[in-house]
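There are 2 protein chains.
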Amino acid sequence: MNKEHATREENYSQWYNDIVIKADLAENSAVRGCMVIKPYGYAIWEKMQASLDKMFKDTGHVNAYFPLFIPKSFLSKEAAHIEGFAKECAVITHYRLKNDPNGKGVIVDPDAKLEEELIVRPTSETIIWSTYKGWIQSYRDLPLLINQWANVVRWEMRTRLFLRTAEFLWQEGHTAHATSQEAIEETERMLEVYADFAENFMAIPVIKGVKTANERFAGAIDTYCIEALMQDGKALQAGTSHFLGQNFAKAFDVKFTSKEGKLDHVWATSWGVSTRLIGALIMTHSDDKGLVLPPKLAPFQVVIVPIYRSDDEYQRVCDAGRAIKKDLERFGVSVKLDDRDTQKPGFKFAEHEFRGVPVRIAIGPRDLENGTVEVARRDTLEKEVLQITDLPTKIVHLLEHIQENLYTRALDFRTEKTHTADSWEEFTALLDGPGGFIHAHWDGTSETENKIKEMTKATIRCIPLGNKLEDGKCILTGNPSIQRVIFARSY
Amino acid sequence: MNKEHATREENYSQWYNDIVIKADLAENSAVRGCMVIKPYGYAIWEKMQASLDKMFKDTGHVNAYFPLFIPKSFLSKEAAHIEGFAKECAVITHYRLKNDPNGKGVIVDPDAKLEEELIVRPTSETIIWSTYKGWIQSYRDLPLLINQWANVVRWEMRTRLFLRTAEFLWQEGHTAHATSQEAIEETERMLEVYADFAENFMAIPVIKGVKTANERFAGAIDTYCIEALMQDGKALQAGTSHFLGQNFAKAFDVKFTSKEGKLDHVWATSWGVSTRLIGALIMTHSDDKGLVLPPKLAPFQVVIVPIYRSDDEYQRVCDAGRAIKKDLERFGVSVKLDDRDTQKPGFKFAEHEFRGVPVRIAIGPRDLENGTVEVARRDTLEKEVLQITDLPTKIVHLLEHIQENLYTRALDFRTEKTHTADSWEEFTALLDGPGGFIHAHWDGTSETENKIKEMTKATIRCIPLGNKLEDGKCILTGNPSIQRVIFARSY
Numbered sequence: 000m001n002k003e004h005a006t007r008e009e010n011y012s013q014w015y016n017d018i019v020i021k022a023d024l025a026e027n028s029a030v031r032g033c034m035v036i037k038p039y040g041y042a043i044w045e046k047m048q049a050s051l052d053k054m055f056k057d058t059g060h061v062n063a064y065f066p067l068f069i070p071k072s073f074l075s076k077e078a079a080h081i082e083g084f085a086k087e088c089a090v091i092t093h094y095r096l097k098n099d100p101n102g103k104g105v106i107v108d109p110d111a112k113l114e115e116e117l118i119v120r121p122t123s124e125t126i127i128w129s130t131y132k133g134w135i136q137s138y139r140d141l142p143l144l145i146n147q148w149a150n151v152v153r154w155e156m157r158t159r160l161f162l163r164t165a166e167f168l169w170q171e172g173h174t175a176h177a178t179s180q181e182a183i184e185e186t187e188r189m190l191e192v193y194a195d196f197a198e199n200f201m202a203i204p205v206i207k208g209v210k211t212a213n214e215r216f217a218g219a220i221d222t223y224c225i226e227a228l229m230q231d232g233k234a235l236q237a238g239t240s241h242f243l244g245q246n247f248a249k250a251f252d253v254k255f256t257s258k259e260g261k262l263d264h265v266w267a268t269s270w271g272v273s274t275r276l277i278g279a280l281i282m283t284h285s286d287d288k289g290l291v292l293p294p295k296l297a298p299f300q301v302v303i304v305p306i307y308r309s310d311d312e313y314q315r316v317c318d319a320g321r322a323i324k325k326d327l328e329r330f331g332v333s334v335k336l337d338d339r340d341t342q343k344p345g346f347k348f349a350e351h352e353f354r355g356v357p358v359r360i361a362i363g364p365r366d367l368e369n370g371t372v373e374v375a376r377r378d379t380l381e382k383e384v385l386q387i388t389d390l391p392t393k394i395v396h397l398l399e400h401i402q403e404n405l406y407t408r409a410l411d412f413r414t415e416k417t418h419t420a421d422s423w424e425e426f427t428a429l430l431d432g433p434g435g436f437i438h439a440h441w442d443g444t445s446e447t448e449n450k451i452k453e454m455t456k457a458t459i460r461c462i463p464l465g466n467k468l469e470d471g472k473c474i475l476t477g478n479p480s481i482q483r484v485i486f487a488r489s490y
Numbered sequence: 000m001n002k003e004h005a006t007r008e009e010n011y012s013q014w015y016n017d018i019v020i021k022a023d024l025a026e027n028s029a030v031r032g033c034m035v036i037k038p039y040g041y042a043i044w045e046k047m048q049a050s051l052d053k054m055f056k057d058t059g060h061v062n063a064y065f066p067l068f069i070p071k072s073f074l075s076k077e078a079a080h081i082e083g084f085a086k087e088c089a090v091i092t093h094y095r096l097k098n099d100p101n102g103k104g105v106i107v108d109p110d111a112k113l114e115e116e117l118i119v120r121p122t123s124e125t126i127i128w129s130t131y132k133g134w135i136q137s138y139r140d141l142p143l144l145i146n147q148w149a150n151v152v153r154w155e156m157r158t159r160l161f162l163r164t165a166e167f168l169w170q171e172g173h174t175a176h177a178t179s180q181e182a183i184e185e186t187e188r189m190l191e192v193y194a195d196f197a198e199n200f201m202a203i204p205v206i207k208g209v210k211t212a213n214e215r216f217a218g219a220i221d222t223y224c225i226e227a228l229m230q231d232g233k234a235l236q237a238g239t240s241h242f243l244g245q246n247f248a249k250a251f252d253v254k255f256t257s258k259e260g261k262l263d264h265v266w267a268t269s270w271g272v273s274t275r276l277i278g279a280l281i282m283t284h285s286d287d288k289g290l291v292l293p294p295k296l297a298p299f300q301v302v303i304v305p306i307y308r309s310d311d312e313y314q315r316v317c318d319a320g321r322a323i324k325k326d327l328e329r330f331g332v333s334v335k336l337d338d339r340d341t342q343k344p345g346f347k348f349a350e351h352e353f354r355g356v357p358v359r360i361a362i363g364p365r366d367l368e369n370g371t372v373e374v375a376r377r378d379t380l381e382k383e384v385l386q387i388t389d390l391p392t393k394i395v396h397l398l399e400h401i402q403e404n405l406y407t408r409a410l411d412f413r414t415e416k417t418h419t420a421d422s423w424e425e426f427t428a429l430l431d432g433p434g435g436f437i438h439a440h441w442d443g444t445s446e447t448e449n450k451i452k453e454m455t456k457a458t459i460r461c462i463p464l465g466n467k468l469e470d471g472k473c474i475l476t477g478n479p480s481i482q483r484v485i486f487a488r489s490y
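Top line first, the protein sequences correspond to chains A and B. Going by numbering that gives the first Met the number 0, 46 is the number at position 47 of the first sequence; the sequence numbering is gapless. Going by numbering that gives the first Met the number 0, 378 is the number at position 379 of the second sequence; the sequence numbering is gapless.
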């Protein structure tokens, strides 16, 4: 592992990139904008998937799979949707290559042109609602609570690993309901699931809110979101849940007969989180020594590093390490014994620290004599000597503490970086100073929001759920306002 | 559920299609050749994934994710590979749509043409080996044991749900090794994993063998396969494991320094199974009453159907059903209580039978008085009355029996449909009669193999591993042969 990497202070953006690359999470591929998710990064995604999938199933959802391709004409059926999504996408025009008659590799076969172009899905509302038309006739078919784990493609010009890539992995829930109220309840339920996941698994405090019209999903009536704050004071949208009203049901003519025999369009929601969450995870907890992972999402929670000089010592400490591993695994702790004999302990310490393994156990010949080991926690870098016999219960508690500590630390950071601005001067001074979330009055118009964005690059992250109403004056226009909203610069 | 469906006798192909559609496994989508995998079908795939993924990890593999797109030029780098795969594929030529100036929806933006076309991956050897070049320098980096769960696209002209679709889901393992021997061992190890999975989870007996040159994966030195026999006497290739030699390492210039300091190209394997397995599952076990699922892959193993007249009875039998469900779940049995009050028991019986639920428990008010339930098994359609108190252990055993019985039944069927042919007349009579696997002598040339295929549509499914050598004469040419190989018509 290359030890040279940037600090947050020196260059935040480089620091982020160094962690992604040098902790072996992901890298750019030969295909512009597409990333390779490396095994260590993918293992984090698998942990996220497993937890989320269980939460989806516990709330009554089932998984299914819909086509990767969307006929071009489908995208045009929902007017707002096409405006938001059709602009930058991968377009399939042909279905065959042939040998170049000039003998230089292969060329596109001009005879194999598709009658209608296909789009690689940027999101699946259109293909799914065209399918739901065949599945929904009666109120008995509702609600339909379906999720899909899939890859999607949005042709991004400026990409950053995990945060913004042309192809990314995600889940997208698409539900159908008999009433508007049921659909809104579903939208809110899934927002709660996302907030629960962010806070209790990722250890990231989030603000739950509703987007303004400007920031709404293309085709939604309302977009709910969870917003997190990164260490550079910029916000990151970590998940969205959309109430789609009857927009897609109308676009694809999906009607149902109610219990009372009335024919009506179906009500819809959609909601998703993506591999972007890994970016949020990195930027929330990591430090200048590298990645820091919350125990609940770490590919392995504990690494055991044997310390030895002779072959005989190697055998003995590795045996002890294997015994400890077994003991810990019995308590549900995931453990890796790093018994590579090609690397020295110092190298291993640095590597696992940089990769954010929550707990490191070092064990050498003297430890064996004393029945002890050295335990180091990644979040605070503190070390202590523990009795081997006490390990399982102590490690279980330590992992819980680390999980809690990461959350508390992130919450404290956010609290410190959350301010109130009552004037334009205050507002811009905060933005250019500490950054963070700024509670400020806004006159409620898209024009003002756009102007603020143009002038400062700050956007309204959300109107928090259960927001306190209070009279005030818009920080830009001075026009009357009924509540403060949350501004920030964002990813 | 529509009760009308074809029998195997009447129309085997229609029978298969009816099961896929009417058991709600999958359906054709609005996109030519692409299927929608419905929740019940996808739940089977999830079970397959979970079992396989565990087997891969138990044999030392980790998961990762590589780009969906492959630059056109990559495909040409391995000569045999491009011949096999480039012909029919989805080609991305543009990255933007724009509003039609004539106001009719959207059109492809001619200004957004890619410099080099991208191919939607038909398989990932090329993009993965171009990546491995950056990951492998030394013997310390080997072996690299990586698997990917992904969607792939092959532009098929004639598609059939699960068996042959343009887009399908699969896993593809791609490993890198320091020696030829290690790579061959890996190829064989993964074939064993597939055979184990087919036999012990899918309850499908398979023949392990090696493909002839004609049937080899494009770019492989050797293709190992597992071959299963369907109820219409046709073979189905259920999984392949390829020894790729140094072909891809040479194409992408991937070299490593050995322990001895020698520079050499890396040795490779790749191996995959796909959603096609669901097709194999259906065609192996199902009958004229619909789908039959082995307990280890059934989305739920037991369905409880309450029988009642009054609301009061409904409450009481549902309560009893819930108690039984809990008891069974404690023993690791997955159970669905079908407490819908919108459908009658007869409808539910037919539906669950058609959907292949391994065990049905019916419970009515009289049963409650007696402390009994009626238990029906899907494979033999036998019913028996059991004491509620005995249920957990009896059901656990019953599920094991069903799993075994399905395997034995399929094995008996295969044995019955396996023949030896010593002359061309025998060979063609068998093919046009019972079909099945035919052990016959072949002179070992591709020409003969091709001729036989042209004349009969039969192909050599494989040369079984550990095949007995025996002198004989080729059934077509009469030329000398050293062993019998397995012929069949196939999917």
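Honestly, the hints are just simulated from the structure, not real lab data. Keep in mind it's a predicted model, so treat the numbers as computed, not measured. Cβ atoms here follow ideal geometry from the backbone N, Cα and C, with glycine treated the same way. There's no promise every hint is true.
Stated by the list, open to error - What follows is a set of in silico ranges between Cβ atoms, one per label pair, in the way DEER data are often shown:
hint, chain 1, residue 1, chain 2, residue 2, range
1, B, Gly102, A, Gly83, 46 to 52 angstroms
2, A, Lys112, B, Asn449, 28 to 34 angstroms
3, A, Arg321, B, Glu191, 24 to 30 angstroms
4, B, Thr58, A, Gly345, 53 to 59 angstroms
5, A, Asp310, B, Ser179, 27 to 33 angstroms
6, A, Lys467, B, Thr58, 54 to 60 angstroms
Claimed, not checked - If you want the footprint, here are the derived chain B segments under chain A, 3+ residues with CB under 8 angstroms:
hint, segment
7, 67–79
8, 91–103
9, 145–154
Non-conforming hints, listed in increasing numerical order: Violated hints (numbers, rising): 1 and 4; every other hint is consistent with the structure.
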